[in-house]
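Under UniProt numbering, the first residue of the sequence shown carries the number 1, and numbering increases by one thereafter.
Please note that a few of the clues may not be correct.
Unchecked claim - Listed next, the in silico DSS-like pairs over lysine-lysine satisfying Cα-Cα at most 25 Å (straight line): (1) Lys111 - Lys175; (2) Lys208 - Lys175; (3) Lys111 - Lys162; (4) Lys305 - Lys190; (5) Lys62 - Lys4; (6) Lys151 - Lys305; (7) Lys162 - Lys4.
To be verified - Derived DEER-like restraints, expressed as beta-carbon distance ranges: (8) Ala172 - Lys64: 52 to 58 Å; (9) Glu276 - Arg144: 47 to 53 Å; (10) Arg10 - Ile275: 36 to 42 Å; (11) Glu304 - Lys208: 28 to 34 Å; (12) Val73 - Pro289: 36 to 42 Å; (13) Ser286 - Gly187: 28 to 34 Å; (14) Gln29 - Phe6: 21 to 27 Å; (15) Pro13 - Thr267: 45 to 51 Å; (16) Gly90 - Ala311: 23 to 29 Å; (17) Arg279 - Leu310: 35 to 41 Å; (18) Ala158 - Ala203: 29 to 35 Å; (19) Lys70 - Arg148: 23 to 29 Å; (20) Glu96 - Pro75: 30 to 36 Å.
Since the hints were derived computationally from the structure, they do not count as laboratory data.
Where a beta carbon is used, it is the ideal one built from N, C-alpha and C, also for glycine.
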Amino acid sequence: MEEKGFRELRIDPEFKNLIRPLRREEYRQLELNLVMEGCREAIVVWDGTIVDGHNRYEICNKLKIPYGVKEQVFPNRDAAIAWICSNQLGRRNISEETKKYLIGRQYEAEKKAHRNENGYNQYCPNPLATVGRGRPVEEESSRRTAARLGKEHHVSGATVQKYAKYSVALDAIAKTAPELIPHILSGTYKISFENIVALAEMAPAELKELSKKIGNNPYAFARYSDSRRSLSTEASSKPGIQAAEQPAIKTMPAYDPDAEVAGLTLTIPSWMSSIERTRNMAHLASISPAAKENLQAALTALGEKVQEMLAAIEEDS
């Protein structure tokens, strides 16, 4: 890190959009801290472009507060994106939705960063090569990347790949309705994973109309089901215009849904009892590492499904 001073640094919009925007009170608190203590944490850059410290850079230049600059080396742009995501995931003040997005972006960026300039994986120049049970090397590499990131972020590898789909969908939404993204990532716009994907596939004009229903405050509470219902109602109320059939927010099964829910509700106590009984076993320490690993993976997957179910119930409440 060089001596503190002032430098003209570049701001990359894609890099900056990976940084959670500060709320007004957070921004003011950062300003106060910088005025009282100076800029104690360096601005991190890659080849003159900021990868961490956008807010500090803006405030310090505005208030004439000297700052240090730390150079970070990356082999390519995707490696820089992966680093930014990992760095942001280490912060404690990000929402669960932002966490999902960053994990998904980190996974996609790391996959791309591992390819050489010919588009092949740097560890295997032959894209047709296979490993294991005949899986392509590229697929196996992606699976291992997902497993490694899952372990790092305490989720399953399959969940990491699901988060990747989530991040791709959000990036698609951002191209048409960028103002909608802060609402989703702040966690105040209650919407399921399935409906995020549905938004990404929505016609641009319809997506813009939906965005207008939510308002401008990214921290104001709103539900996807309410905004979608309002949009459908407006369309059907226009004279001479018949509303296009909207896809159902949830496809209900042909059988009685209450019976299905009742069956699940009655099953859960037996799971809880089995978990409690196993946890209290005196010989738990003697269980093999493989059995423990399988149990841990199953419990992690179960916990994720429980959170998805609770989110779906909350969204439709």
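Results of checking the hints against the structure:
A threshold of 25 Å between alpha carbons decides the hint, and for Lys111 with Lys175 the separation of about 23 Å falls inside it, so the pair holds. Restraint check for Lys208 and Lys175: the C-alpha separation of about 11 Å stays at or below 25 Å, so the hint holds. The suggested pairing of Lys111 with Lys162 holds, with an alpha-carbon distance near 15 Å, which does not exceed 25 Å. Proposed proximity of Lys305 and Lys190 is supported: the alpha carbons are some 17 Å apart, at most 25 Å.
Restraint check for Lys62 and Lys4: the C-alpha separation of about 15 Å stays at or below 25 Å, so the hint holds. Simply put, Lys151 and Lys305 have alpha-carbon atoms about 18 Å apart, close enough for the 25 Å limit, and the pair holds. About 43 Å separates the Cα atoms of Lys162 and Lys4, which puts this hinted pair outside 25 Å; it is violated. A beta carbon spacing of about 41 Å between Ala172 and Lys64 contradicts the range 52 to 58 Å that was offered as a hint.
Taking the beta carbon of each, Glu276 and Arg144 are about 34 Å apart, not inside 47 to 53 Å as hinted. Judged by the Cβ atoms, the range 36 to 42 Å given for Arg10 and Ile275 is violated: they are separated by roughly 52 Å. Distance hint check for Glu304 and Lys208: the Cβ-Cβ separation is about 33 Å, which falls inside the suggested range of 28 to 34 Å. Between Val73 and Pro289, the C-beta spacing of about 38 Å keeps the proposed range 36 to 42 Å intact.
With their beta carbons about 42 Å apart, Ser286 and Gly187 fall outside the hinted range of 28 to 34 Å. Between Gln29 and Phe6, the C-beta spacing of about 23 Å keeps the proposed range 21 to 27 Å intact. The hinted window of 45 to 51 Å between Pro13 and Thr267 holds, with their beta carbons roughly 49 Å apart. Here the CB-CB span from Gly90 to Ala311 is close to 24 Å, well matched to the stated 23 to 29 Å.
Roughly 22 Å separates the CB atoms of Arg279 and Leu310, a value that falls outside the hinted 35 to 41 Å. Taking the beta carbon of each, Ala158 and Ala203 are about 31 Å apart, inside 29 to 35 Å as hinted. In this structure the supplied range 23 to 29 Å holds for Lys70 paired with Arg148, their Cβ-Cβ distance being about 26 Å. In this structure the supplied range 30 to 36 Å holds for Glu96 paired with Pro75, their Cβ-Cβ distance being about 31 Å.
Hints 7, 8, 9, 10, 13, 17, counting from the list given before, are not met by this structure.
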